[in-house]
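Participant: Which chain is which? The protein sequence lines are A and B, in order.
The opening position of the first sequence corresponds to residue 1 in the numbering used here, with each subsequent residue numbered one higher.
The opening position of the second sequence corresponds to residue 1 in the numbering used here, with each subsequent residue numbered one higher.
Simulated from the structure, these hints should not be mistaken for lab results.
Note that this is a predicted model, so its numbers are computed, not measured.
C-beta: ideal position from N, C-alpha, C; glycine also.
It is possible that part of the hints are untrue.
Chain A regions said to be covered by chain B (calculated; three or more residues, Cβ under 8 Å) [claimed, not checked]:
#1 31-40
#2 45-52
No more than 27 Å apart at the CA atoms, straight line, and that leaves these computed lysine-lysine pairs for DSSO-like [as the list claims (entries may be wrong)]:
#3 B:Lys186 with B:Lys120
#4 B:Lys120 with B:Lys14
#5 A:Lys23 with B:Lys29
#6 A:Lys49 with B:Lys234
#7 A:Lys37 with B:Lys186
#8 B:Lys29 with A:Lys47
#9 B:Lys70 with A:Lys23
#10 B:Lys298 with B:Lys189
#11 A:Lys37 with B:Lys103
#12 A:Lys47 with B:Lys298
#13 A:Lys37 with B:Lys29
#14 B:Lys189 with B:Lys14
#15 A:Lys23 with B:Lys213
#16 A:Lys37 with B:Lys229
#17 B:Lys234 with B:Lys168
#18 B:Lys29 with A:Lys45
#19 A:Lys37 with B:Lys213
#20 B:Lys70 with A:Lys28
One-letter residues, chain by chain:
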Amino acid sequence: MAKYIGLKPFPPNFHDRFAPIAKVIDEKCIGCERCPKICFFDAIKMKSKIAVINQDNCTGCGLCFEACPVEAIIWVQDESTQTGPFVQRYMVKKG
Amino acid sequence: MPTLEINFLGYRVKSPIFVASGPASHDVKQIPIAQEVGAGGVVLKTVVSDKFDYMRYWPRPRYKLIDWDKKMNGKSQYFTLYSYEQAYSGSIEDYFNFVKISKSISDIMIIGSAFADDIKDWVYLAKGIEEAGADAIELDISSPHKPGTIQFETHFIQAIKSVVENVKIPVLVKLAPSPDVLHQAKMCKELGAGAVTLCNRLRGLEIDIDSQKPIFHGYYGGVGGPWTKYYNFKYVSEVYNEVEITISATSGVLNWIDALKYIMLGATTVQLLSAIIVNGWETISRINEGLLNFMIEKDIEHLEKVRGVAAKNIIQPDLIIRWSGEKKGGPRNVFDDW
Numbered sequence: 001m002a003k004y005i006g007l008k009p010f011p012p013n014f015h016d017r018f019a020p021i022a023k024v025i026d027e028k029c030i031g032c033e034r035c036p037k038i039c040f041f042d043a044i045k046m047k048s049k050i051a052v053i054n055q056d057n058c059t060g061c062g063l064c065f066e067a068c069p070v071e072a073i074i075w076v077q078d079e080s081t082q083t084g085p086f087v088q089r090y091m092v093k094k095g
Numbered sequence: 001m002p003t004l005e006i007n008f009l010g011y012r013v014k015s016p017i018f019v020a021s022g023p024a025s026h027d028v029k030q031i032p033i034a035q036e037v038g039a040g041g042v043v044l045k046t047v048v049s050d051k052f053d054y055m056r057y058w059p060r061p062r063y064k065l066i067d068w069d070k071k072m073n074g075k076s077q078y079f080t081l082y083s084y085e086q087a088y089s090g091s092i093e094d095y096f097n098f099v100k101i102s103k104s105i106s107d108i109m110i111i112g113s114a115f116a117d118d119i120k121d122w123v124y125l126a127k128g129i130e131e132a133g134a135d136a137i138e139l140d141i142s143s144p145h146k147p148g149t150i151q152f153e154t155h156f157i158q159a160i161k162s163v164v165e166n167v168k169i170p171v172l173v174k175l176a177p178s179p180d181v182l183h184q185a186k187m188c189k190e191l192g193a194g195a196v197t198l199c200n201r202l203r204g205l206e207i208d209i210d211s212q213k214p215i216f217h218g219y220y221g222g223v224g225g226p227w228t229k230y231y232n233f234k235y236v237s238e239v240y241n242e243v244e245i246t247i248s249a250t251s252g253v254l255n256w257i258d259a260l261k262y263i264m265l266g267a268t269t270v271q272l273l274s275a276i277i278v279n280g281w282e283t284i285s286r287i288n289e290g291l292l293n294f295m296i297e298k299d300i301e302h303l304e305k306v307r308g309v310a311a312k313n314i315i316q317p318d319l320i321i322r323w324s325g326e327k328k329g330g331p332r333n334v335f336d337d338w
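Excised from the complex, chain B in its bound form:
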């Protein structure tokens, strides 16, 4: 009988499908729901250091579905979720309690998530999350709502290093989609991170032409949606091929096919959120079911069998089959000249 059970950072989890950090993981009440629908784990909402206290207060409204067809009742395949998602709304102590209670009421993997801009705060948050009982910690260094202009090279390398040195639980690093992903993943591996999460949402902007202002609150928002999967497939395959590090893929997963594609490109787990927002919690059980059906159909016992199979099939540009004697370029569709 095929099983979805996998090994992730030393833990046995029931499913490779995780709930990503965000509105689906900001409250203890949501943890049992995630467990019930069959999620392998939950990445809790990001907690910030006291310096970013303003991020604990949320603007209203915060979400806009662009190009979302309401009439289709969740069947839309393409849309953009424009959001101004902020940090966990309680204090740091509340967050540690949140982790502790989440862990005690469920048996799925609980991953804490943190953001700071000072090494001391990073270590304080990471140690607190570890003591509260989290199974792993995700360093959210790439949130589209991240304040300031802190760069990977100048600050985050030091942050990852000190967190890895100070906690015993595995550390995931959530990277932003950028041409540096491969380099950053290599650095994460060198610094001792257990896994990389590929990739966060992009920072974007939408304006209204009547008021000539950005929509909502007047600042950049985060953009994401099913269209992001194509560039993330590339990042996942690239990192899988070149860096020996566990990959937790995220972005643009709408159904089991997307999740399977990420796994075939080398991801160990797949995190999703936009699909849960628009299609409900049952998305996770539907994805699990789809994966199992696929495994039964293709007689695959374990997802380990298909991990990275597609990433290995990527060939180098000089080996692509090309044809000699191509015609010279010219004007298109000038049939009179024939």
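The following block holds chain A by itself, in its conformation from the complex:
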């Protein structure tokens, strides 16, 4: 699972315990500009031909992972998130 959803550098249940956001490994980035185009949250800009992620805007949706052809984007912990994961159990009555 970890490999499949792009959480490779972290334990598989990383996203259960920390809010994950994306980060670019500068050495691997080839400057193809696919990730800034796919991001809907205004979180990625190109700076001197390398993608830079604005951690305040990143919502961890995972689209840039899908766009990156060289696996230059990894998950890191979102340090701006103060609260824990939000889980709300709900029941919907039938009928």
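Once you've looked at the hints, dock chain B against the given chain A.
Facilitator: Frame of chain A, contents of chain B only:
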């Protein structure tokens, strides 16, 4: 000079191409972009009633492109966007402000979108969206991420009815792809809805064989992609032929040809989202350009000329030309017997 201008639910819109409800319409900053690339309107992200507060918190990650060839840089013709898209992340008041600001900073059509499971909430959301200045409202009764097991017959008929009675702006109903589409579209027409949106994404599931778990968050996700257009073409043509209701088609539009096919099958507007996600906002301007080029080439002044032309060419199965004296079925490729 050919024009893409059309009449949609009483409004004149510059283009039949709309941005569908989703990540491309969750923020006011995206409205001017949509206007700039030439979208005729935007369906804003769905707002939910307070009962579904948990839907305002999004899991991470939420999107996976299956069978997407990264090397092709957006030229992939077939892929599946597997997503766990949730509701608008702010409060209901935020949403009304969102509609109000979106309307004030643009001159394209702004359609609010709502989901609830209680008549009171439906009416509250619909009235709020109307007061905030939206041009129309879409009832998202078919989201693949919709909570619960609420059925069309038991709840949504009542919901559509009360919303239509309580607002003056046109009401669109977004239907799910199912064998009931035609029946549901007829019901929508009877209940006074202005248009139907055909069709939403399907609820699907993808698992990982190593961990033996569903990918992402452990629940069903929404699936969609260019392959969905074939069954949606059928729904659009069916509804166009049998129900007198405006159709806003969506699902699987990748380029201007798909959009034109939807229009030829009877859709008035075409909504798209997956293509914007994978190929960028310019997809809309490319589609507009493609449509205009087609119209110039074929000398079509107005899209009204081609609306539904293909749907009328569908013939009944008993009129299909068949040949008598067909051979009996047998084993294949047994050439020794010749």
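Participant: Against this structure, judge whether each hint is valid.
Facilitator: Quick rundown of the hints versus the structure:
no. : hint                   : verdict
1   : 31-40                  : holds (count 5)
2   : 45-52                  : violated (count 0)
3   : B:Lys186 with B:Lys120 : holds (24 Å)
4   : B:Lys120 with B:Lys14  : violated (35 Å)
5   : A:Lys23 with B:Lys29   : holds (23 Å)
6   : A:Lys49 with B:Lys234  : violated (46 Å)
7   : A:Lys37 with B:Lys186  : violated (40 Å)
8   : B:Lys29 with A:Lys47   : holds (22 Å)
9   : B:Lys70 with A:Lys23   : holds (19 Å)
10  : B:Lys298 with B:Lys189 : violated (34 Å)
11  : A:Lys37 with B:Lys103  : holds (25 Å)
12  : A:Lys47 with B:Lys298  : violated (45 Å)
13  : A:Lys37 with B:Lys29   : holds (15 Å)
14  : B:Lys189 with B:Lys14  : holds (26 Å)
15  : A:Lys23 with B:Lys213  : holds (26 Å)
16  : A:Lys37 with B:Lys229  : holds (25 Å)
17  : B:Lys234 with B:Lys168 : violated (31 Å)
18  : B:Lys29 with A:Lys45   : holds (16 Å)
19  : A:Lys37 with B:Lys213  : violated (31 Å)
20  : B:Lys70 with A:Lys28   : holds (16 Å)
Hint compliance for this structure: hints 2, 4, 6, 7, 10, 12, 17, 19 are broken, all remaining hints hold.
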